[in-house]
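2 protein chains.
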Amino acid sequence: MTGPTSAPSRLVIEGLTPRVDEGRHPVKRVVGEPVTVGATVFADGHDWLRVVLGHRPPGARAWAEVAMHSVNPGLDRWEATFVAGATGLHRFRVRAWIDHRATWRHALARKVAAGVDQPSDHEGEPPARWPAAEAATSTTVEVDVDVERALFSTWYELFPRSLPSKGPDGRVRTPLVAVAAELDELAALGFDVVYLPPIHPIGRSFRKGPNNAATASAGDPGSPWAIGSAEGGHTAVAAELGTLADFKDLVAAADERSIAIALDLAFQCSPDHPWVTQHPEWFRHRPDGSIQYAENPPKRYQDIYPLDFDSSQWEELWAALLEVTSFWCDHGVSVFRVDNPHTKPFAFWEWLIAHVRQRHPGTVFLAEAFARPAVMARLAQVGFSQNYTYFTWRVSAPELVEYFTELSTTPSVDELRPNAWPNTPDILPWHLHHAPIEAFALRLALAATLSPSYGVYGPAFDVGENRPAGNDTEEYLDSEKYQTRSWTTALRAGPTLRPLMAQLNQIRHRQTALHTLRTLRFHGTDNQSLICFSKTDHRGPSVASDRPEAATMLVVVNLDPGQSQAATLHLDAAELGVDPSRPFDAVDLLCGDAYQWHGTEPWVRLDPAVAPAHLFRVTQEARA
Amino acid sequence: MTGPTSAPSRLVIEGLTPRVDEGRHPVKRVVGEPVTVGATVFADGHDWLRVVLGHRPPGARAWAEVAMHSVNPGLDRWEATFVAGATGLHRFRVRAWIDHRATWRHALARKVAAGVDQPSDHEGEPPARWPAAEAATSTTVEVDVDVERALFSTWYELFPRSLPSKGPDGRVRTPLVAVAAELDELAALGFDVVYLPPIHPIGRSFRKGPNNAATASAGDPGSPWAIGSAEGGHTAVAAELGTLADFKDLVAAADERSIAIALDLAFQCSPDHPWVTQHPEWFRHRPDGSIQYAENPPKRYQDIYPLDFDSSQWEELWAALLEVTSFWCDHGVSVFRVDNPHTKPFAFWEWLIAHVRQRHPGTVFLAEAFARPAVMARLAQVGFSQNYTYFTWRVSAPELVEYFTELSTTPSVDELRPNAWPNTPDILPWHLHHAPIEAFALRLALAATLSPSYGVYGPAFDVGENRPAGNDTEEYLDSEKYQTRSWTTALRAGPTLRPLMAQLNQIRHRQTALHTLRTLRFHGTDNQSLICFSKTDHRGPSVASDRPEAATMLVVVNLDPGQSQAATLHLDAAELGVDPSRPFDAVDLLCGDAYQWHGTEPWVRLDPAVAPAHLFRVTQEARA
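Protein chains in written order, with the numbering used here: chain A, 328 to 951; chain B, 328 to 951.
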């Protein structure tokens, strides 16, 4: 840079990608993911430019710079890639300047090539003065690099209180101890997050009975989301589930198996919650002085008081909720499923998540908001690691293609990490009402392969529980939210999805192509009942043998649970990384069948009685 | 707003449109154009929102606010429109808050409707406390509102020195006086901008001869773009064209006819320009001390020295160029065609145009840059009122549809105003090489109807001059850039396009639908040789008789100059504003034929020997 009298920079740097919300929120990545930075860079005239990408990992004081290369000169587009090598806040920026020496050298070369000049005309003729390089620097973009689990995770939700009260040895145990006893089975099934509904004391006032009955009988356990009683609130463990010590033991046992115990952050209170008397100002009051319960007319939730984030005591309330979260972090919880975050202020979540991650950097927050797209995106932007999605209701091939194309491309893919759930305790989706277990199987196959993170609410899902509470509701009949359910008999009798789960999850863990969303590409089929898509490792397609774990995966799912479907596929060879002029191999990792395909239009067939999907590992011999 | 202890706003306002370059540059409009503002606005929860658009015209101190209406609740999208009523910098912003009273009222109404509550339950029960309205306010967006001519203008470029040296009375006159004598004819043809190549003294050193010959003979006039001689530089009038007084008379005569005389701002110098000796530091020097001339290897332009914007004396240079521009503004020039702006710094133009428009607000700048898209857009963003376009080379229907769809939709339509030229003194495009005059006619019809601003380089265009300087160049043979050409004989003998020009321009002036780009919509045809599009007045489709000047225009152009072409059109009735279940009228304003169409698939035919286009005025009787 020259002194203050130098002219303003002649360069323009614009159209920087990736960015989230025009740079107001960090771009999301997990460790090991590449960040391919693009920028439109140009100056007036025809001078040669130098464009460099600067990258500053967390803690670094200096910018590491690498040259960007021109990927589309007609559009003035430049690119370079860095890999997010560590968790934390990375920064990147683009810097560019006019390369006067290169401009002169290339003009000279063109003149010599055109025969206008001879090289000897320019002997020892470096131009008198190189103008100082007036560099231009882009704005700085932040990249929030998280632990891999924020992107790739496999969730199992269960109600501890429904587990058998006696262990195999016949001795009575608490439900939390029973969960610990399930961990080996869940690990064998390939789950790495076990999510428990709220484990806190449940209120007595207005407690709901089975099937959301307005009144409960003496033995009814109540909804775990009606949090708080004389026993305690959000930092207490319900006596009927066990003790805090049981919980700590459970977390430790899970940890040994690389499983995270996820807790539910449901920031609401039963009328019996200690805060109701200790902090009445945190709730909204009616003119008669009573506290306003939750309602969504004509529905009334008399067992739940929402917290009032508009209260004048909002600062105390925020602090208390951070204290709750920190309490569980301090007890080893690193994954939270957050209940209805879209009914609390975005600014609150931004503040809470930032504070938690400052002390506990690897903490993962899953936003349970089945809300409008702008709301979902905003929750992701303010810091949620993962979001529940509309996958639950996307059934047909066009719906799935449209939705996952949106999720896997910018701007969504840089901010929102989907977690696909075929069911939840609140949602038995209409297409699974009275559906055969083959319908559950195909939804499982879709969730496990389309989305890097997915989860099921089991064992209801495992056994294909398909009875809704009514024709016009997606609530389960005899929902576990309001009563205990014993699944032992159904699990033992079968059929269950557990063998398929185990296989799918094992393939997911081994095949790194399934760890990413960014490389998802849909391929054509001539039958709308079959959906076909591929994924490659984020390092790009690999069909050679040097990185066997990074092979390209090609998935075909039969969306028809009732009958066999066949189709000719129309594959995009470039997306698969194969040379279509030579044969290539496709091994179905689910059934073991191996095919050699000639050309890009193989024929496939799926019988739902046998398997919901093909999970082809695609490889090709290196050219001889 | 409550005091400093109120919680952060719960509202999000994002996705504000229109904006240019994420708000870094003003949105462009001309007087009378509507600005439809869109915003995505939402909060957590389910409260009712109030969203208002604030508009602050130039000079106003207060925001005039109007309610925005929800146009897509699922996408949280809100809209409202204001009209840019005066030139200058307008501002808009969006403000939103939670309407607690409406939230309460609507919840109550739902409860009563659901039979849960009776109205009497709530007698005199306004809730105890309305939380203060925590309003959120968006960033402020600027809208640069220009004179109508910045959008809608009809240009004619001519070389004064080629006009007959004697007037009809047989008396010798200067070329500038000859231009004044042409004004009645040009006004009758419907042009409102007459653009003259540089009128300044032409250098002698390295003067080019006819057809860009390296040496000139004694009588050769040289290129007007080789500016400057001992007579003077950019503020002088070449003696061979007339005097400054002649020029002032010309401007005044043009003004009487509502014609603007446009000058060429070509910021470069011949070796004889006074600045070369007065300010050698404004030029780039070779090691041997000589000044570097312009070159684009293997081409050399020894008659032209570029200015060095990287010079340490850049501030003096900028000031001198502003002085040049201001000089001509002070002499009544309000329209400039800027030569090669893309070879001078963007920051320079931003500064120059802002300064000129501060003193002379109605000044229009046309950027002559046939450069890459990012460069074109940037020139528009830094203040150019209009840009030359790639129209010159867009020939086929798909090319034209793609390009004009891009130009007429965001982001382009909010920043770049196209000026479509079928030819220029530099460009006889390849598709007009040796082409019949019918080819020129169809290009004229396209330019005049697709783009609110268009221009021709005449009289070469009027007479269909079609001889290139060679097979591999788009330069004209015997280009007027290097020699004078007499067009009198050709214009008199015919055929010429002048009758068609007069008709097209008259229709353009009368039909306000042709004054805008924003409403351009393409309709289907079953013959790629016929292109079909419509435009409506920016106030929306009008087919009734209340605003006859604002009728919807439907244009069909035959892209085949060689033979008749027919097609069935596939019209979008909604875009035309007609009810397709009733007959509607289409009058071809070019030939006068009137049709009554039943349905949206009329059949049309165009014979290039008769007319290049249909310009239908579409109307429909109001329902009885």
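I should point out that these hints are in silico values taken from the structure, not numbers from a laboratory. Mixed in with the good hints there might be a few duds.
A pair holds if it fits inside one copy or across any two, identical chains being indistinguishable in the list.
To be verified - Heads up, simulated SDA-like pairs for lysine to any residue below, C-alpha to C-alpha not over 20 Å straight-line: (1) 626 with 443; (2) 575 with 722; (3) 493 with 656; (4) 626 with 435.
Small disclaimer: the values here were computed from a predicted structure and weren't measured.
Going down the list of hints, with the structure as the test:
1. 626 with 443: Answer is between: at 9 Å across copies they meet the 20 Å cutoff, but 86 Å inside does not.
2. 575 with 722: Answer is neither; intra-copy 40 Å and inter-copy 74 Å both fail.
3. 493 with 656: Answer is neither; intra-copy 30 Å and inter-copy 95 Å both fail.
4. 626 with 435: between (80 Å within a copy, 13 Å between copies)
In this structure, the earlier hints numbered 2 and 3 are contradicted, and the remaining ones agree with it.
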